[in-house]
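Colleague: In order, the protein sequences belong to chains Z and R. Positions 7 to 394 (the numbering used here) are the ones given, in order, by the first sequence. Positions 7 to 394 (the numbering used here) are the ones given, in order, by the second sequence.
Calculated from the structure, these hints are not laboratory results. Remember, it's a predicted structure, so these values are computed and weren't measured experimentally. There could be a bad hint or two in this list.
[What the hints assert, rightly or not] BS3-like cross-link-like pairs, simulated, lysine-lysine; straight-line CA separation at most 27 Å: (1) Z:328 with R:385; (2) Z:126 with R:328; (3) R:79 with Z:328; (4) Z:328 with R:126; (5) R:91 with Z:326; (6) R:133 with R:113; (7) R:156 with R:383; (8) Z:111 with Z:164.
Number of protein chains: 2
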Amino acid sequence: MNKFFNIINVDKTSRVAEIVINGIKIQTPCFMPVATQASVKSLDSFELNNIGYNLILSNIYHMAARPGITYLKDFGGIHKFMNWKGLILTDSGGFQGYSLSHRVKVKDDGIIFQSHLDGKEIYFKPKQVVRYQEDIGSNIMMPLDICLPKKASLNELKEAIETTYSWAKESITARTTIDSKLFGIVQGGTNLELREISAKKITSLDFDGFAYGGLGVGEDKELMMNALQSVNELLPENKPRYLMGIGSPDDLIKSIRNGFDMFDCVLPTRIARNGSLFTEKGRINIFNAKYKNIDKPIEEKCKCYSCENYSLAYIHHLFKSKELLGYRISSIHNLAFLYNLMSVTRKMIKNSDFSLFAIDFLKEYRSTDPQIQAEQKSKWIQSQGREN
Amino acid sequence: MNKFFNIINVDKTSRVAEIVINGIKIQTPCFMPVATQASVKSLDSFELNNIGYNLILSNIYHMAARPGITYLKDFGGIHKFMNWKGLILTDSGGFQGYSLSHRVKVKDDGIIFQSHLDGKEIYFKPKQVVRYQEDIGSNIMMPLDICLPKKASLNELKEAIETTYSWAKESITARTTIDSKLFGIVQGGTNLELREISAKKITSLDFDGFAYGGLGVGEDKELMMNALQSVNELLPENKPRYLMGIGSPDDLIKSIRNGFDMFDCVLPTRIARNGSLFTEKGRINIFNAKYKNIDKPIEEKCKCYSCENYSLAYIHHLFKSKELLGYRISSIHNLAFLYNLMSVTRKMIKNSDFSLFAIDFLKEYRSTDPQIQAEQKSKWIQSQGREN
Numbered sequence: 007m008n009k010f011f012n013i014i015n016v017d018k019t020s021r022v023a024e025i026v027i028n029g030i031k032i033q034t035p036c037f038m039p040v041a042t043q044a045s046v047k048s049l050d051s052f053e054l055n056n057i058g059y060n061l062i063l064s065n066i067y068h069m070a071a072r073p074g075i076t077y078l079k080d081f082g083g084i085h086k087f088m089n090w091k092g093l094i095l096t097d098s099g100g101f102q103g104y105s106l107s108h109r110v111k112v113k114d115d116g117i118i119f120q121s122h123l124d125g126k127e128i129y130f131k132p133k134q135v136v137r138y139q140e141d142i143g144s145n146i147m148m149p150l151d152i153c154l155p156k157k158a159s160l161n162e163l164k165e166a167i168e169t170t171y172s173w174a175k176e177s178i179t180a181r182t183t184i185d186s187k188l189f190g191i192v193q194g195g196t197n198l199e200l201r202e203i204s205a206k207k208i209t210s211l212d213f214d215g216f217a218y219g220g221l222g223v224g225e226d227k228e229l230m231m232n233a234l235q236s237v238n239e240l241l242p243e244n245k246p247r248y249l250m251g252i253g254s255p256d257d258l259i260k261s262i263r264n265g266f267d268m269f270d271c272v273l274p275t276r277i278a279r280n281g282s283l284f285t286e287k288g289r290i291n292i293f294n295a296k297y298k299n300i301d302k303p304i305e306e307k308c309k310c311y312s313c314e315n316y317s318l319a320y321i322h323h324l325f326k327s328k329e330l331l332g333y334r335i336s337s338i339h340n341l342a343f344l345y346n347l348m349s350v351t352r353k354m355i356k357n358s359d360f361s362l363f364a365i366d367f368l369k370e371y372r373s374t375d376p377q378i379q380a381e382q383k384s385k386w387i388q389s390q391g392r393e394n
Numbered sequence: 007m008n009k010f011f012n013i014i015n016v017d018k019t020s021r022v023a024e025i026v027i028n029g030i031k032i033q034t035p036c037f038m039p040v041a042t043q044a045s046v047k048s049l050d051s052f053e054l055n056n057i058g059y060n061l062i063l064s065n066i067y068h069m070a071a072r073p074g075i076t077y078l079k080d081f082g083g084i085h086k087f088m089n090w091k092g093l094i095l096t097d098s099g100g101f102q103g104y105s106l107s108h109r110v111k112v113k114d115d116g117i118i119f120q121s122h123l124d125g126k127e128i129y130f131k132p133k134q135v136v137r138y139q140e141d142i143g144s145n146i147m148m149p150l151d152i153c154l155p156k157k158a159s160l161n162e163l164k165e166a167i168e169t170t171y172s173w174a175k176e177s178i179t180a181r182t183t184i185d186s187k188l189f190g191i192v193q194g195g196t197n198l199e200l201r202e203i204s205a206k207k208i209t210s211l212d213f214d215g216f217a218y219g220g221l222g223v224g225e226d227k228e229l230m231m232n233a234l235q236s237v238n239e240l241l242p243e244n245k246p247r248y249l250m251g252i253g254s255p256d257d258l259i260k261s262i263r264n265g266f267d268m269f270d271c272v273l274p275t276r277i278a279r280n281g282s283l284f285t286e287k288g289r290i291n292i293f294n295a296k297y298k299n300i301d302k303p304i305e306e307k308c309k310c311y312s313c314e315n316y317s318l319a320y321i322h323h324l325f326k327s328k329e330l331l332g333y334r335i336s337s338i339h340n341l342a343f344l345y346n347l348m349s350v351t352r353k354m355i356k357n358s359d360f361s362l363f364a365i366d367f368l369k370e371y372r373s374t375d376p377q378i379q380a381e382q383k384s385k386w387i388q389s390q391g392r393e394n
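Whenever a hint applies, use it, and build me the whole structure from the sequences.
Modeller: Written out as structure tokens, the structure reads:
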């Protein structure tokens with residue numbers, strides 16, 4: 007039980023496990039809030055920790071663009087910079103190769119970004135990207151990969167798989183420490199054959215865990231869900247399985263049912279700032295006039311800081327008044343909702359009760375229209391170059 | 007010692023005193039953070055209380071415009087709405103008669119606002135304004151008054167004093183409870199004779215405290231300071247003296263030296279969101295590149311949440327990255343700075359050491375250029391109709 011990843015219980019294809027890094031323990035399935043620019047938008051380190059989070063995600067491309075890798079290294083690392091006592095997983099910039107594609111040239115040996123901040127060239131090569139992540143003190147590193155849009159051709163997908171594989175091998179050789187874990191990324195879009203090919207290649211390498219990338223990029227939801235079903239078959243059981251960029255409550259439950267352990271997404275904080283709040287029955291829109299008179303918390307049974315202290319009526323007022331506090335109260339609730347959902351999920355898996363729980367949850371939770379969801383995500387991705 | 011206002015010590019013309027309302031004690035001199043729209047921008051009730059604040063300010067015009075007086079009354083009052091356990095002073099809308107003047111008609115019997123939100127007419131009459139404040143549960147109420155721009159003519163000023171006096175008398179008759187205190191407002195701009203006339207009229211009425219209004223509206227700083235010197239002579243000693251709309255650290259010290267007890271201003275939070283932070287040597291601009299590498303708090307001796315947890319380097323990064331967290335960290339610090347300044351001030355007055363302290367403080371504190379300050383304030387006032 008002294009390993010980095012210990013499975014506690016398996017319930018059909020769902021697992022509950024423990025990740026231990028630097029003495030910090032994280033139970034999976036877990037969701038990771040996203041601190042793209044070394045800040046989970048509107049929240050500070052202690053608020054995240056008070057919700058229960060001990061593992062968040064940041065992004066090595068954004069850290070390279072600002073404040074800079076050497077800067078962060080000299081400062082003493084990203085944890086110290088943010089005053090974050092938990093763990094940090096850093097994404098590699100592969101996703102930005104897709105989301106900032108108008109500012110990107112993909113080469114055989116890496117990705118050339120024209121910084122979205124000042125236009126300066128940032129040349130990301132696989133080995134350097136690992137070193138960058140080690141330099142800033144990342145606890146779980148992701149190798150540089152190629153993430154393609156949903157409209158990518160078969161040939162493009164095949165090529166991307168080859169390049170991602172060759173970069174993965176380079177990434178492994180670049181490691182200088184086993185203290186920072188390194189996960190491999192499986193690509194292949196929603197094409198099941200290609201995903202299998204990619205998985206075979208990537209899992210042949212000595213990574214500490216494995217991720218599915220290139221999903222949740224606006225593709226048809228059914229195709230995505232279909233692709234996720236392969237996880238239990240394609241990824242080894244004894245290592246963490248991380249599904250990148252997925253974060254709606256229903257998607258999480260379905261993905262956990264398939265066998266995934268870790269998740270990240272800007273969704274809960276992004277929609278919170280737009281007034282969209284998670285409840286067990288689905289999202290609510292706080293701008294709706296019906297909330298003006300409701301002197302109750304977002305969810306009566308929720309014990310988060312926001313629900314313990316503020317009413318729907320007040321949050322409605324804050325949003326109507328464009329008060330910054332509204333964004334924070336909502337972000338805390340949405341992140342607490344996912345944290346609690348993962349806690350319950352772990353409990354259910356421990357008791358081998360997850361299948362029934364998942365059915366009940368999905369029956370109760372009204373999913374956001376997949377098309378609206380996809381459109382919102384595309385809009386967000388397009389805005390990245392400007393917003394961040 | 008069971009009165010509403012108890013003077014603890016007088017040091018020359020400066021006083022330290024205690025205000026007691028509903029069992030809550032506030033020591034003066036004190037600064038009141040401003041929650042224009044029932045929210046001190048970017049902060050929540052507990053953060054304000056953790057800094058030490060127990061008395062904040064809100065505004066009855068803004069509450070009437072949104073969410074509405076009847077609404078707030080039915081909800082159970084503004085304290086419950088905000089979940090604020092301390093006291094609230096509400097301004098009367100007189101200032102908005104000036105700051106929103108393009109949307110205002112001043113009549114003999116009141117002020118007609120065309121709501122800055124939806125254009126709806128809001129007719130404020132003196133008696134109703136007191137009832138409104140009682141309705142929402144204000145602890146200290148201000149009567150409707152006429153606040154004029156710095157360019158007002160002598161005749162306009164004289165007329166405003168008469169109207170303010172007549173409204174003040176009406177306001178007193180409108181009270182239905184002594185639980186909500188009611189202060190009188192002295193006007194007269196920077197004209198010493200008029201201020202004296204106004205003071206004589208207003209202090210002849212049975213108010214619980216008295217305020218100087220109509221200052222800090224972009225007038226020449228020397229003229230303003232000159233007008234403040236009259237306070238000890240013109241306002242009674244046995245009641246609180248409140249200087250409205252003043253909040254820079256040097257102005258506070260000077261005003262306390264003259265004999266004022268209470269202050270409010272959006273300045274500390276407004277400039278915080280622009281990256282301007284209080285220190286004992288004056289304001290610093292966090293955008294300045296020199297802070298990028300400073301792994302120290304804003305002020306080493308400051309014990310506020312922001313200074314205990316975050317570095318200048320990180321705050322600089324947050325501002326450069328337009329991260330919402332930066333606005334909050336800065337607002338906490340600026341409000342804590344003023345809270346601590348008031349604490350030290352009270353201690354100095356208790357020990358009859360204030361004169362020397364004031365001289366030392368003002369020597370150390372580099373004032374912001376008065377012209378820049380006046381321009382910033384004008385810009386803010388002009389933006390009110392749009393921003394709030």
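Colleague: Going through the numbered hints above, which ones does this structure break? Give me the numbers in ascending order.
Modeller: none
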